[in-house]
Amino acid sequence: MKCAELLTMLNEYVDGTVDPAICEEFEKHMAGCNPCQVVVDNIRQTITLYKEGKPYDLPIAFRQRLHTALRQRWSETHCRKP
Amino acid sequence: MTNPIPLEVSDSDLVARAKAGELDAFETLTNRYAQRVYSLTLRMLRQEQDAEDVTQQTFLSALESLGGFRGDASFATWLLRIATHAALKVIRKRKGLDTVSLEEATEPTEGYDTIPHPEYIADWRQSPEELVRKHETQSLLDDALAKLDEKHRLVFLLRDVEGLSVEETAGALGLSEANTKVRLLRARLQLREQLTLTLGDPYRRVVQTHPPTEEEH
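Just so you know, the sequences run in chain order A and B.
For the record, in the first sequence the residue sitting at position 29 is 29 according to our numbering, with numbers rising by one throughout.
For the record, in the second sequence the residue sitting at position 35 is 35 according to our numbering, with numbers rising by one throughout.
A couple of the hints might just be wrong.
[As the list claims (entries may be wrong)] Now the stretches of chain A that chain B is said to cover, found in silico as 3 or more residues with beta-carbon under 8 Å:
{"hint": "1", "segment": "2–8"}
{"hint": "2", "segment": "38–45"}
{"hint": "3", "segment": "49–59"}
{"hint": "4", "segment": "66–76"}
[Claimed, not checked] With a Cα cut of at most 30 Å, we get these calculated DSS-like pairs of lysine-lysine:
{"hint": "5", "chain 1": "B", "residue 1": "Lys89", "chain 2": "B", "residue 2": "Lys134"}
{"hint": "6", "chain 1": "B", "residue 1": "Lys89", "chain 2": "B", "residue 2": "Lys19"}
{"hint": "7", "chain 1": "B", "residue 1": "Lys147", "chain 2": "A", "residue 2": "Lys54"}
{"hint": "8", "chain 1": "B", "residue 1": "Lys93", "chain 2": "A", "residue 2": "Lys28"}
{"hint": "9", "chain 1": "B", "residue 1": "Lys134", "chain 2": "B", "residue 2": "Lys147"}
{"hint": "10", "chain 1": "B", "residue 1": "Lys134", "chain 2": "B", "residue 2": "Lys151"}
{"hint": "11", "chain 1": "A", "residue 1": "Lys51", "chain 2": "A", "residue 2": "Lys28"}
{"hint": "12", "chain 1": "B", "residue 1": "Lys147", "chain 2": "A", "residue 2": "Lys51"}
{"hint": "13", "chain 1": "B", "residue 1": "Lys151", "chain 2": "B", "residue 2": "Lys89"}
{"hint": "14", "chain 1": "B", "residue 1": "Lys147", "chain 2": "B", "residue 2": "Lys93"}
{"hint": "15", "chain 1": "A", "residue 1": "Lys2", "chain 2": "A", "residue 2": "Lys28"}
{"hint": "16", "chain 1": "B", "residue 1": "Lys151", "chain 2": "A", "residue 2": "Lys51"}
{"hint": "17", "chain 1": "B", "residue 1": "Lys89", "chain 2": "A", "residue 2": "Lys51"}
{"hint": "18", "chain 1": "A", "residue 1": "Lys54", "chain 2": "B", "residue 2": "Lys134"}
{"hint": "19", "chain 1": "B", "residue 1": "Lys95", "chain 2": "B", "residue 2": "Lys147"}
{"hint": "20", "chain 1": "B", "residue 1": "Lys95", "chain 2": "B", "residue 2": "Lys151"}
{"hint": "21", "chain 1": "B", "residue 1": "Lys93", "chain 2": "B", "residue 2": "Lys151"}
{"hint": "22", "chain 1": "A", "residue 1": "Lys51", "chain 2": "B", "residue 2": "Lys134"}
{"hint": "23", "chain 1": "A", "residue 1": "Lys2", "chain 2": "B", "residue 2": "Lys89"}
{"hint": "24", "chain 1": "A", "residue 1": "Lys54", "chain 2": "B", "residue 2": "Lys151"}
Since the hints were derived computationally from the structure, they do not count as laboratory data.
Positions of the beta carbon are idealized from the N, C-alpha and C atoms, including for glycine.
Take these sequences, add in the hints, and give me the full structure.
What follows is the structure, encoded as structure tokens:
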């Protein structure tokens with residue numbers, strides 16, 4: 001397997017959905033190719049970093065507005081029911 | 001007034017209770033997911049007022065269509081679809097587009113052969129777990145995300161940040177699965193490149209000693 005080929009299957013390998021035979025090829029390649037090994041590690045780290053990133057806090061005023069709007073819509077919706 | 005709803009109550013139980021008329025249940029669901037919806041829309045739209053409007057729209061929409069929610073997908077996925085749809089409408093409006101899908105009819109699916117090869121390759125100095133605790137890491141992540149083409153950023157946000165499947169991501173964005181996968185790859189590689197420039201250990205930088213297309217391993 002060449003580095004360029006590995007690149008095309010990077011998603012599947014990292015997501016764990018790759019065919020076992022290809023997986024073996026992948027790992028054989030990485031055992032002998034440090035750059036590819038590091039790229040794969042980097043990609044995993046990148047995804048982890050974003051996945052575990054802190055979500056933004058809702059501005060307090062907005063949170064209050066949101067709940068007011070929901071309560072209002074709720075009573076409108078529920079009053080419409082027979 | 002009812003007792004506060006305990007944390008362990010599942011989303012599907014809350015949905016059932018909300019459908020039965022319990023406002024508290026719907027409010028609990030809102031509190032569970034508001035930050036997540038807001039964060040997603042803020043990253044998609046990159047403008048606070050728009051993100052607030054879309055977030056509010058999303059929960060109002062969910063409130064109104066709760067009766068039609070069958071539970072085929074998880075509540076979270078359903079909510080994120082509503083949010084994505086609403087955010088895409090804003091994006092299309094900004095661009096003056098009418099089409100429902102972001103995939104322009106004439107745009108060919110990007111190929112794997114034009115994907116740029118990684119250039120700056122180095123082990124990171126710290127683990128993601130260590131980095132996540134640092135305040136300045138978040139702005140680094142957001143800056144890198146902002147540098148992506150919107151079409152790549154949207155796929156990454158839904159697939160990798162929100163954890164939707166490739167199929168769900170493709171569906172939410174109106175793309176083919178094939179196109180979704182290529183865009184995801186581009187996003188991941190570009191983010192890796194950006195982040196490694198800052199987070200990579202320059203003393204452990206690896207240089208490819210042979211052109212990637214030649215040698216067989």
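Status of the hints after comparison with the structure:
1. Beta-carbon proximity to chain B at under 8 Å applies to 5 residues in the segment 2–8 of chain A; the threshold of 3 is reached and the given coverage holds.
2. Counting residues of the segment 38–45 of chain A whose beta carbon lies closer than 8 Å to any beta carbon of chain B gives 6, which meets the minimum of three for the stated coverage.
3. Coverage of a stretch by a chain is defined here by at least three residues with a beta carbon nearer than 8 Å to that chain's beta carbons; for the segment 49–59 of chain A and chain B the count is 11, and the condition holds.
4. Under the rule that three or more residues need a Cβ within less than 8 Å of chain B, the assignment of the segment 66–76 of chain A holds, with 7 such residues.
5. The hinted pair formed by lysine 89 of chain B and lysine 134 of chain B fails the criterion: a straight-line CA distance of about 34 Å is larger than 30 Å.
6. At most 30 Å may separate the alpha-carbon atoms for a hinted pair to count; lysine 89 of chain B and lysine 19 of chain B meet this at roughly 28 Å.
7. Pair hint lysine 147 of chain B plus lysine 54 of chain A holds up; C-alpha atoms about 19 Å apart against a cutoff of 30 Å.
8. Taking the CA atoms of lysine 93 of chain B and lysine 28 of chain A, the gap is about 49 Å. The hint is violated against a cut of 30 Å.
9. A distance of roughly 21 Å separates the Cα atoms of lysine 134 of chain B and lysine 147 of chain B; the hinted pair therefore holds under the 30 Å criterion.
10. For the proposed pair lysine 134 of chain B and lysine 151 of chain B, the alpha carbon gap of about 28 Å is at most 30 Å, so the pair holds.
11. Taking the CA atoms of lysine 51 of chain A and lysine 28 of chain A, the gap is about 29 Å. The hint holds against a cut of 30 Å.
12. For a cut-off of 30 Å, the pair hint linking lysine 147 of chain B to lysine 51 of chain A stands: about 18 Å separates their Cα positions.
13. Between lysine 151 of chain B and lysine 89 of chain B, the direct Cα distance comes to roughly 14 Å. Compliance with the 30 Å bound is thereby established for this hinted pair.
14. Note on lysine 147 of chain B and lysine 93 of chain B: the hinted pairing holds, with a Cα-Cα distance of about 21 Å set against a maximum of 30 Å.
15. A distance of roughly 11 Å separates the Cα atoms of lysine 2 of chain A and lysine 28 of chain A; the hinted pair therefore holds under the 30 Å criterion.
16. Between lysine 151 of chain B and lysine 51 of chain A the CA atoms are separated by roughly 19 Å; this keeps the pair inside 30 Å, and the hint holds.
17. With a C-alpha separation of about 25 Å, the suggested pairing of lysine 89 of chain B with lysine 51 of chain A holds against the 30 Å cut-off.
18. Pair hint lysine 54 of chain A plus lysine 134 of chain B holds up; C-alpha atoms about 10 Å apart against a cutoff of 30 Å.
19. For the hint pairing lysine 95 of chain B with lysine 147 of chain B, the CA-to-CA distance comes to about 18 Å; that is within 30 Å, so the pair holds.
20. A threshold of 30 Å between alpha carbons decides the hint, and for lysine 95 of chain B with lysine 151 of chain B the separation of about 13 Å falls inside it, so the pair holds.
21. Between the alpha carbons of lysine 93 of chain B and lysine 151 of chain B the distance comes to roughly 16 Å, so the proposed pair stays at or under 30 Å and holds.
22. For the hint linking lysine 51 of chain A to lysine 134 of chain B, the alpha-carbon distance of about 15 Å falls within 30 Å, and the restraint holds.
23. At roughly 42 Å between alpha-carbon atoms, lysine 2 of chain A and lysine 89 of chain B are farther apart than 30 Å, so this suggested pair is violated.
24. A distance of roughly 23 Å separates the Cα atoms of lysine 54 of chain A and lysine 151 of chain B; the hinted pair therefore holds under the 30 Å criterion.
Hints 5, 8, 23, counting from the list given before, are not met by this structure.
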